[in-house]
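On the provided structure of chain D, position chain A as indicated by the hints.
Residues per chain, in single letters:
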Amino acid sequence: MLSRTADHLFWMSRYTERAENTARMLDVNYQTSLLPQSADATLAGWQGLLSISELTPFYAAKHGQEVAPRAVMDFMVRDEQNPSSIISCLRAARENARAVRGTLTTEVWETQNQTYLEVVRMLQGGALERDPGSFFEWVKFRSHLSRGVTVGTMLQDEALNFLRLGTFLERADNTARLIDVKFHTAESEFVGVDSEKDQDFDFYHWSAILRSVSAFEVYRKVYRDVIRPERVAELLILRADMPRSLLGCMNEVMSNLSLLTSRPDSECKRQAGKLRSDLEFARIDEILATGLHAFLTQFLDRVNDIGAHISREFLLPA
Amino acid sequence: MSRPQFDEMHDDRQQVRPHYQGYQRWLAQQAEQAMQARREEAEMIFRRVGITFAVYGAKDEEGAGTERLIPFDLIPRIIPAHEWATMEAGLVQRVTALNRFIYDVYHDQDILRAGLVPAEQVLHNAQFRPEMMGLKVPGDIYSHISGIDIVRAPNAQGEGEYYVLEDNLRVPSGVSYMLEDRKMMMRLFPELFAKNRVAPVAHYPDLLLETLRAMAPAGLSEPRVVVLTPGMYNSAYFEHAFLAQQMGVELVEGQDLFMKDDVIYTRTTRGPRRVDVIYRRVDDDFLDPEAFRPQSTLGCAGLLKAYRAGNVAICNAMGTGVADDKSIYPYVPQMIEFYLGEKPILKNVPTYQCRQAEDLKYTLAHLKDLVVKEVHGAGGYGMLVGPAASQAEIDNFRQALLANPAGYIAQPTLSLSTCPTYVDSGIAPRHIDLRPFVLSGKQVQMVPGGLTRVALQDGSLVVNSSQGGGTKDTWILEADEAQSAKPRAAPVVKTDADMLKALVGGVS
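In order, the protein sequences belong to chains D and A. Sequential numbering of the first sequence, starting at 1, is according to the numbering used here. Sequential numbering of the second sequence, starting at 1, is according to the numbering used here.
Pulled out of the complex, with its shape left as it was, chain D reads as follows (with noise of 0.2 Å):
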């Protein structure tokens, strides 16, 4: 396969991803903000959700110092300037997917396509302002939708492993980021207040975490139990059967390049692996003991090395 169209499969479906990844923070921002609860508390929401992304000094530089909910939303939605906003991600995905369409099935080309048409004609018919909650819905269900028409339909073969290693990796990083940002809020407001009415908050806060990825039943399942911080961590960190933790993602990511080289001197294998492992056989005490913060910095840098590596050994380099 052309490194270039490598190159373009597995950057349509970090995008991809990316889009439903946002579309999810900002609805259970979104929830969360409907809740009765203290004003510091909803504004760092909205913060931590532009920290997550990087994008504070540039939300500032547009908007000011002031995070007001109305335009964070238009910004990480709608804002054609902000690379990470989801029209520029569906944006970049279709283009992507318009590069290489000869590669893809007809049914995956017209699933992207159509997304982005669908989601300019929706916001300019003032979806977003009418129902937040279905628009961001929408966005989720397109993103199945492309996954599942890609496993769907695509032969077997490397363009279907780059299309999964870029959705998957893209996964592990945005997972990391929304734990990091919302276990920084709780460190610093509910964590340890032992007050009933904290107590609620904590449930709607874990519990709003764990609804942004799909995990709340899950959770149910597998624990039994009231939700505790520790075990939300352990679920979307080191559950390898939770899909979108970061062992499940690292398991996919794994098993993706495995099929892509069979070259032991690879080294995004290499380093791929290692990473694999010691989540694997991490415990979450461990973890907490040393500093969540700690863990989750030093796991996204090595998530981005991977992703260095990959575009050095199979894709065009930058």
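Bear in mind the hints are in silico, worked out from the structure with no lab data behind them. The beta carbon of each residue, even a glycine, is placed where N, CA and C say it ideally should be. A couple of the hints might just be wrong.
For the chain D half of the interface with chain A, some residues (derived, Cβ under 10 Å), not all of them [stated by the list, open to error]:
| id | residue |
| --- | --- |
| 1 | R98 |
| 2 | A99 |
| 3 | N113 |
| 4 | M154 |
| 5 | D180 |
Below, chain A alone, put in the same frame as chain D:
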């Protein structure tokens, strides 16, 4: 000014012509709303599938998209089989002669020495590539894919007569619309195809692949063919991707290719892979920065070297523009007689060459009645349609013409034939042309029909997609119902064996 008109569907007494009667009966039964719904459905499908056309420098109201749909018209352009048979023979003849001409220009130049085509018009032509002199190309074929533009206009008796308007021998486009239009018609109106015996066109990609593979360096059992595109921002990108996919070959950009030891390779996820045939949709100038424009990033450095070494075939060959230039066009009938010893089957439009003093004088005196075209122009840009132009436009063009007479030719304004077409006010006649795609490999062949373009504006004669033209499905129809019991004619054209022998120079 009233000029005689020729309509493909109705004769001058407004009677439906025989080959349209079956269609007319069907159309009369269709509810207007149903047809409107089909138009909308077609548009929706084209947009979803992404069959779009990028317009250079254009922006829509939001300043975002530059993609436009080429309007698709529901009413087919129907050509009776016997008319097509003549046209096809004429196309094979013409393209065969044009390939012989290009070979001659880059070898012995017999036709120049015979004085039939003025040597300076060929050798000083910007499209003449000295790099091609004496180069042996596979099968001595240069234009493997030729798009020949054909129009129809009434003669003195009011009968429709076909003329070749233009030869396109560089990178002719539009074939994907021919294929997609047919697919759309079959999807929207399957019953029409059950009732009418329409010659199929869907095997075009197979014929194209066969043609390209036949050009591969000798001794390869599985030659590797690629389609070279300038990239996704090119106006015909959809077509490049479409053809690559339909043929099952890779679509590459210049940056995917590199030359090493006179061999062309692609960069792949598993290292370099050799390329044997390049179907290029990139203009000559951009193909090789070492040989042509040094700043081009669309081509591959060293491509010409590999080509000269015979390690890769380029389709169409470089330098074919020397034969499709509008200043060479008037000589094509002579070429046919010179190389093939045959009378031309297809007519040329009478052409005034402004480089010649007498023709220039005539042209300047009749600007109001003539169509004046830039010799190197394409896409409907840089032309004057006298009868439709304002006095100011004519005056401007007169200045341009006087400044550089050799840059222009003039032709009488043909009253292009019309075909009923859906417009805002209902069904109305609109002017059309036809571009069949002729493939030259081991044999010269084509699928029946071509791309019919239609000028959607009332009275407009400009059918180019970049100028707001639309397309129609083109049917080659065995219209005679008495014949419908006979087996269907073979869709692939057989070529004249002698002509073929002449073309490939004795290679069996």
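- Item | Ascending list of hint numbers which this structure does not respect | 4 and 5
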